[in-house]
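Chains as they are written, first to last, in this note's numbering: chain A, 1 to 206; chain B, 1001 to 1206; chain C, 2001 to 2206.
Wrong hints could be hidden among the right ones.
Sample of chain B residues with no beta-carbon within 12 Å of chain C, all distances over it, derived [what the hints assert, rightly or not]:
1. Phe1003
2. Arg1054
3. Gly1063
4. Gly1066
5. Met1111
6. Ala1116
7. Leu1144
8. Gly1147
9. Leu1167
10. Leu1172
11. Val1173
12. Ala1191
13. Leu1192
14. Gly1193
15. Lys1200
Derived Cβ-Cβ restraints for the label pairs, each shown as a range [stated by the list, open to error]:
16. Arg2025(C) - Ser1002(B): 47 to 57 Å
17. Leu2074(C) - Leu6(A): 37 to 47 Å
18. Ala1166(B) - Leu196(A): 53 to 63 Å
19. Arg2085(C) - Gly147(A): 46 to 56 Å
20. Ala2088(C) - Gly112(A): 34 to 44 Å
21. Leu1167(B) - Gly2066(C): 29 to 39 Å
22. Met1111(B) - Ala2060(C): 23 to 33 Å
23. Gly112(A) - Met1111(B): 44 to 54 Å
24. Gly1193(B) - Arg2025(C): 39 to 49 Å
25. Asp1053(B) - Val173(A): 29 to 39 Å
26. Ser1002(B) - Gln27(A): 24 to 34 Å
Simulated from the structure, these hints should not be mistaken for lab results. Computed from a prediction, not measured in an experiment: that's the story for all the values here. Idealized CB from N, CA, C, for every residue including glycine.
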Amino acid sequence: MSFLGLLDHASVLVFALTGALVASRAQLDLIGFAFFASLTGLGGGTLRDVLLDRTPLWIAQPGYLGVACAAALLVFFTAHLLESRYRALLWLDAAALAVAVAAGAGIALEMGQPAAIVVVMGVATGCAGGLARDVVANEVPLILKQGELYVSCAVAGSAVAVALSALDQSQLVSGLACAASTFALRAGSLALGWRLPVYKPRPPRR
Amino acid sequence: MSFLGLLDHASVLVFALTGALVASRAQLDLIGFAFFASLTGLGGGTLRDVLLDRTPLWIAQPGYLGVACAAALLVFFTAHLLESRYRALLWLDAAALAVAVAAGAGIALEMGQPAAIVVVMGVATGCAGGLARDVVANEVPLILKQGELYVSCAVAGSAVAVALSALDQSQLVSGLACAASTFALRAGSLALGWRLPVYKPRPPRR
Amino acid sequence: MSFLGLLDHASVLVFALTGALVASRAQLDLIGFAFFASLTGLGGGTLRDVLLDRTPLWIAQPGYLGVACAAALLVFFTAHLLESRYRALLWLDAAALAVAVAAGAGIALEMGQPAAIVVVMGVATGCAGGLARDVVANEVPLILKQGELYVSCAVAGSAVAVALSALDQSQLVSGLACAASTFALRAGSLALGWRLPVYKPRPPRR
Chain A
1 MSFLGLLDHA
11 SVLVFALTGA
21 LVASRAQLDL
31 IGFAFFASLT
41 GLGGGTLRDV
51 LLDRTPLWIA
61 QPGYLGVACA
71 AALLVFFTAH
81 LLESRYRALL
91 WLDAAALAVA
101 VAAGAGIALE
111 MGQPAAIVVV
121 MGVATGCAGG
131 LARDVVANEV
141 PLILKQGELY
151 VSCAVAGSAV
161 AVALSALDQS
171 QLVSGLACAA
181 STFALRAGSL
191 ALGWRLPVYK
201 PRPPRR
Chain B
1001 MSFLGLLDHA
1011 SVLVFALTGA
1021 LVASRAQLDL
1031 IGFAFFASLT
1041 GLGGGTLRDV
1051 LLDRTPLWIA
1061 QPGYLGVACA
1071 AALLVFFTAH
1081 LLESRYRALL
1091 WLDAAALAVA
1101 VAAGAGIALE
1111 MGQPAAIVVV
1121 MGVATGCAGG
1131 LARDVVANEV
1141 PLILKQGELY
1151 VSCAVAGSAV
1161 AVALSALDQS
1171 QLVSGLACAA
1181 STFALRAGSL
1191 ALGWRLPVYK
1201 PRPPRR
Chain C
2001 MSFLGLLDHA
2011 SVLVFALTGA
2021 LVASRAQLDL
2031 IGFAFFASLT
2041 GLGGGTLRDV
2051 LLDRTPLWIA
2061 QPGYLGVACA
2071 AALLVFFTAH
2081 LLESRYRALL
2091 WLDAAALAVA
2101 VAAGAGIALE
2111 MGQPAAIVVV
2121 MGVATGCAGG
2131 LARDVVANEV
2141 PLILKQGELY
2151 VSCAVAGSAV
2161 AVALSALDQS
2171 QLVSGLACAA
2181 STFALRAGSL
2191 ALGWRLPVYK
2201 PRPPRR
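I would like the entire structure built from these sequences, with the hints used as guidance.
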């Protein structure tokens, strides 16, 4: 399996785990777990592939569906062992974001897309699955949480991939650096409260 | 018209009726009825066609739009005759699900897709229109209702289609059996409370 | 730049402004502004292009992304000067709707699509961006507001474009008339309360 294929599989697996955790919070049955695992795990990559006019990853390789279903099964039988499912969800989502951004940006780079498109594909692949999960489950999307970095991590990570690729670094190096920087920013935001200045309405000048 | 074309038309019609019923619950005007009828009636088939890189059904044959608008018109002028619009919505949705799953799985089978993809296309065609309807109308998606079979019916019905097709049964036989088993499961869940065991968090072992 | 390209750029710009205004109401950071500006500005055109099997506008011309980000930046630093951000949102959305409907219908006309498809593309291009904005931001979609014309304006405007094009009028004339009639109807609904009769459940006859 190529390095990009490996990234795609890893991001499907970890996002599928977060989808199954949301299904467990909604107390669904096993098929409901598989539905949310597939939606979350495959949503970002599918959007990327439709936009770039590629065959969606899981139609090209149905094995991806098996990965998502395995994640659903695992969570269905072990989620009760977790002390806080919400905490697990947040951190798994951070890991999935990092890997998915690297996969999305990497595939756009391989296709020779310009820098702006690479960044958008990193963001779309990283954020669409979790966004679909949250909208369908009727929860406040993680990307909307005030005072947290989320889309910003995906933008920064994709920019790292673009920069390293422009410096002729290998796919492996730029992919790993992209995932690492995305995860570091998101972890810093979750654990240490890193954030960007938010919009604050000021009263109009007199 | 081919048998699959007939299934597609029937599923558009019945899903469009459910969309128009949601519009009536939101007290929209006639154009709002047509919007919800089209979104619900055509959403599932459009997703299937975009994923499989086919021309969306209603672009290939604009007559589908006429079917959705006719459903909107019908509901706009007759919904007040119903005793319970919510009850009608539930049962029409069950019928639409059954027909749409058969249409989605049948088209994937005709294209020679592997079994896993056939099941996903059955689920996507069956569930996406109703899901879009519920998300846009800001209602709790039917597929999320705890303790009811919904996605499970679509999975089981698609599996029936795959099995019968593998046994060399005709498109007609496997399509009808798929629709019948999907509807039977959903009806059993609505009327008799059939369900799968749901996830129950247990306290962690000491 | 062609006239249709100009319409597409203008609709991206104005819809992006509305997306950024929603981000300001949610007190997001600058990247959150850019995310909402892009989602809203590019959503409708992207849906149209995916359905018509064209390359999404911003992949064909990444400059569109710059337009959306510029709108985000502008709103981030000036929204506090507005007296009522909601009022500004409503009226900008009306202008964006008008221009986007003209762009969507115009492109479908140029491709030689039949009248029904032209109307749907006008509606999809005009409504999808704002709908995505409202669903993701968890606000009641503008298109669902009871007793207001919204989708109806898009339908009527697209019909004007179809009619003028059938009368051999130029792209410029039919585009401008489409935008003007869409905006006039929406403005009349916002300012003067124009509306269509809505569905009123009547008690069943005895």
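Next on the checklist: Which constraints among the numbered hints does this structure fail? Numbers only, ascending.
Outcome noted: Hints 2, 3, 4, 19, 21, 23 and 26 not satisfied by this model.
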